[in-house]
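Protein chains: 2
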Amino acid sequence: MQRVIIGAGALMCAFTALIGATGCAATQHDSLTSWNDGPAKSAITDFVQRVTTEGTTDFVPSAERIAVFDNDGTLWSEQPAYFQLLFAIDRVKQLAPQHPEWRTTQPFKAVLDGDMHALAESGKKGLLEVVMATHGGMTTDEFADVVRDWITTSRHPSAHRPYTEMVFQPMLELLAYLRANGFKTYIVSGGGIELMRVFAEDVYGIPPEQVIGSSIKTEFEMRSTGPVIKRLPEIDFIDDKAGKPVGINKFIGRRPIAAFGNSDGDLQMLQWTAAGEGPRFCLYVHHTDAKREWAYDRESHIGKLDKGLDEAHRKGWTVVDMKRDWSVIYPGDR
Amino acid sequence: MQRVIIGAGALMCAFTALIGATGCAATQHDSLTSWNDGPAKSAITDFVQRVTTEGTTDFVPSAERIAVFDNDGTLWSEQPAYFQLLFAIDRVKQLAPQHPEWRTTQPFKAVLDGDMHALAESGKKGLLEVVMATHGGMTTDEFADVVRDWITTSRHPSAHRPYTEMVFQPMLELLAYLRANGFKTYIVSGGGIELMRVFAEDVYGIPPEQVIGSSIKTEFEMRSTGPVIKRLPEIDFIDDKAGKPVGINKFIGRRPIAAFGNSDGDLQMLQWTAAGEGPRFCLYVHHTDAKREWAYDRESHIGKLDKGLDEAHRKGWTVVDMKRDWSVIYPGDR
Chain A
0 MQRVIIGAGA LMCAFTALIG ATGCAATQHD SLTSWNDGPA KSAITDFVQR VTTEGTTDFV
60 PSAERIAVFD NDGTLWSEQP AYFQLLFAID RVKQLAPQHP EWRTTQPFKA VLDGDMHALA
120 ESGKKGLLEV VMATHGGMTT DEFADVVRDW ITTSRHPSAH RPYTEMVFQP MLELLAYLRA
180 NGFKTYIVSG GGIELMRVFA EDVYGIPPEQ VIGSSIKTEF EMRSTGPVIK RLPEIDFIDD
240 KAGKPVGINK FIGRRPIAAF GNSDGDLQML QWTAAGEGPR FCLYVHHTDA KREWAYDRES
300 HIGKLDKGLD EAHRKGWTVV DMKRDWSVIY PGDR
Chain B
0 MQRVIIGAGA LMCAFTALIG ATGCAATQHD SLTSWNDGPA KSAITDFVQR VTTEGTTDFV
60 PSAERIAVFD NDGTLWSEQP AYFQLLFAID RVKQLAPQHP EWRTTQPFKA VLDGDMHALA
120 ESGKKGLLEV VMATHGGMTT DEFADVVRDW ITTSRHPSAH RPYTEMVFQP MLELLAYLRA
180 NGFKTYIVSG GGIELMRVFA EDVYGIPPEQ VIGSSIKTEF EMRSTGPVIK RLPEIDFIDD
240 KAGKPVGINK FIGRRPIAAF GNSDGDLQML QWTAAGEGPR FCLYVHHTDA KREWAYDRES
300 HIGKLDKGLD EAHRKGWTVV DMKRDWSVIY PGDR
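In order, the protein sequence lines correspond to chains A and B. Taking numbering that gives the first Met the number 0, the leading residue of the first sequence gets 0, the next gets one more, and so forth. Taking numbering that gives the first Met the number 0, the leading residue of the second sequence gets 0, the next gets one more, and so forth.
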């Protein structure tokens, strides 16, 4: 996957922002090439124009231009299951030879048998066991190596392509467009923070320090070979629903002015963003394209968008209709 | 307190870094004007020269130039007690009229009587009670207002000056110097993250998202007036000693190449930094100036520097002798 290249115009704009000169209010919406003209694209470019035009009441200094993005279903696909669960399943299979007891013990037996029904029946407790067995019990460096290997070699079960090619081209353009206009872009995801950090910089142009996610507890240990940070089999923080504004406050310490999500799990993040003073932008990606991606919302077991959709309509937030608003879904489809 | 102004040279250098051109390897050590010539200053400028000179094996890309700074005793003074404890004491006095029971209940009685001996006798449990009573039980916005009011109106008990004037001028210059050379500067402190974030940007030029510290648990709540984040009376994370590398890994997700501390509480942060591959820089500020600041190390009840001093000598880390190496301590003394 190639990084999105920011054009020379954006670069000059960044420089102009640096020296405090004006004249870059002409925003870079030519770069949103995979967005069809329509209300969603206009809402985005209008907002960016407003907050970047100096001398107006809506102007927001660059340091305060914080934009937060959910990951699963907002920056990349999330069907038929969160990709991190697919990672955990792959990892159970990989580790199985060292755990002969898994052949007869749930929830691991279900994973090895490919019995998603039995896995679901093991409930939160079962899923947690799978997560801990696959995400804990090693150092942070070892875990990053495992994820790096998985993300480069594994393929999506039905699309048969690397997960990093199942990111949304229009959102890559949006991330680059916001950064070209002086925004700092963050991921705020229910997914694992140390998993996303392995590829977020290459795939999204988002450095590790701008990735916020769920985490397990870790511990510093001085070994004879040097210090390590161990990943413990214990949940530290769940960065989902009401956890998202908590995570934003903890990691960023200031309120975003723009928030992007796709499910009810993002609702509190959007509410928290919207409730700040001054211009605010909230956007939901609505999965409406069963042909090119997936179509789901109020009844979905993953990425359920129900209360959020109602609130978006009530509050006038922007709702992207993937089928209507995006000319391309994945980068490879251009 | 005025922010340190970065000169036009640094700005052009930042621009040059932005467009990927070379020629800015001539580092800005003229800006370290409060540092006397000697081994500490040379060690700093030599390191920065090495990691910023393109085409050499020691060159480090700007994105990886992460520098972490302890706060208490490293960026500002910490005697006769951590300034945050002095805040808590001031706050107990301020809140006392609403808590008549405190007049007869420890540890609050000790605080109100100014009896530091009795307060110390209440131990960790007592201190924790004081911290929770003064730091919890309100929203994050309310807490920020309380801190903002305190930091602008309160005075140090013996120096009789604002705490924000008791920051170290040479460290302000060092922060600006590193940033001018493409470093991202972070605070990694045992102090409260939400307390420091109120003034870190104005005083140190460090934005909230680059402040890491100890925290209490928080909770999102939707009220009829809108969403708030409540501060709960429960410890979330202690960012001290072995907690510092854990905090760095959690918040930054990559290992710093330079670390600055003053006590044994910073030792694991320096060890974690030093253990990375490639060029590394570790520095201890040694409080040796009883006349202009305070002199203390191995036996001090605050900012004890004992094991760290031994390890610094063993590993060849830089040790700043405040008396010898700094021509000015506080900005007002210039």
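These aren't lab readings, by the way, just hints derived from the structure by calculation. Among the hints, erroneous ones may be present.
Stated by the list, open to error - Keeping only pairs whose Cα atoms sit at most 20 angstroms apart, straight-line, the calculated PhoX-like set for lysine-lysine is:
1) A:K229 <-> B:K240
2) B:K290 <-> B:K306
3) B:K303 <-> A:K240
Unchecked claim - Have a look at the derived ranges for each label pair, beta carbon to beta carbon:
4) B:K314 <-> A:S326: 55 to 63 angstroms
5) A:R102 <-> B:H300: 18 to 26 angstroms
6) A:T224 <-> B:D36: 50 to 58 angstroms
We put the CB at the ideal spot given by N, CA and C, even for glycine.
Hints and how they fare:
no., hint, in the structure
1, A:K229 <-> B:K240, "holds (16 angstroms)"
2, B:K290 <-> B:K306, "violated (25 angstroms)"
3, B:K303 <-> A:K240, "violated (42 angstroms)"
4, B:K314 <-> A:S326: 55 to 63 angstroms, "holds (57 angstroms)"
5, A:R102 <-> B:H300: 18 to 26 angstroms, "violated (58 angstroms)"
6, A:T224 <-> B:D36: 50 to 58 angstroms, "violated (39 angstroms)"
Of the hints listed earlier, those the structure fails to meet are numbers 2, 3, 5 and 6, in rising order.
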